[in-house]
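Visitor: For any residue, its number in the working numbering is found by taking its place in the sequence shown, counting from 1, and adding 166.
Read the hints as simulated data drawn from the structure, not as lab findings.
Treat each hint with caution, since some may be false.
[Stated by the list, open to error] Computed cross-link-like contacts, BS3-like style, restricted to lysine-lysine with a CA-CA straight-line distance of at most 30 Å: (1) Lys176 <-> Lys212; (2) Lys172 <-> Lys212; (3) Lys380 <-> Lys318; (4) Lys318 <-> Lys279; (5) Lys213 <-> Lys279; (6) Lys306 <-> Lys281; (7) Lys279 <-> Lys306; (8) Lys297 <-> Lys176; (9) Lys306 <-> Lys392.
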Amino acid sequence: MFHTVKEDIKVVFERDPAARSAIETLTTCPGLHAILLHRLNHWLWKKKLYLFARVSAHFARFLTGIEIHPGATIGQRFFIDHGMGIVIGETAEIGNNCSIYHGVTLGGTTWNKGKRHPTLEDDVVIGAGAKILGPITIGKGSHIGSNSVVVKNVPAASTVVGIPGHVVTDKERKTRRDELAENVGFDAYAAADMPDPVSNAIDGVLDHLHGMQKQLDEIEKKLKEKE
167 MFHTVKEDIK VVFERDPAAR SAIETLTTCP GLHAILLHRL NHWLWKKKLY LFARVSAHFA
227 RFLTGIEIHP GATIGQRFFI DHGMGIVIGE TAEIGNNCSI YHGVTLGGTT WNKGKRHPTL
287 EDDVVIGAGA KILGPITIGK GSHIGSNSVV VKNVPAASTV VGIPGHVVTD KERKTRRDEL
347 AENVGFDAYA AADMPDPVSN AIDGVLDHLH GMQKQLDEIE KKLKEKE
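Based on the sequences and whatever the hints tell you, model everything.
Guide: What follows is the structure, given as structure tokens:
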């Protein structure tokens, strides 16, 4: 548990440039508060202390504006940014190293008990306002664009946009996107592959920066060889 909490704090500094100190983050970051309280609530839920878990979750919702059912299963290094309005249902399952933004819903589509909420595999990013509905699976490394509505399974390493959500990228482009992320930084809001003019312009700039980085690496290598 201590290791998980430590990673929850560490990932805030990796993905939020506004995070300046541990004290400031621990006292003013509602996304982190929601996650840490959920760790406690989920522990209570597994111990069958359902009432205590629900009351504590209700307090967390009041404090942060983020609603996470204590029955939801959440992996390590989970990051919530600008979390107001997020809803995560009881049977939702979230893998390791996932990120979601404000207004996201991981919702159910039936009143029946049992699995009725989405599963996010590792390394998934859900953009602001997206709705992931039903017992579907979002494959590892996938990005869901802002305000998309997803009601079907999404293959690994895909980017999804639109209403209803549809895949617009594949594994090959995912590899290039990872290279860009390594050179430029975290792909916030799952926006790197959005098919719109502004995004395409940004994508062109990122490609240019990536090309320049490769050239600099080659020049540096040649200079070292001459020394």
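Visitor: Which of the listed hints are not met by the structure?
Guide: Hints 3 and 9 contradicted; others consistent.
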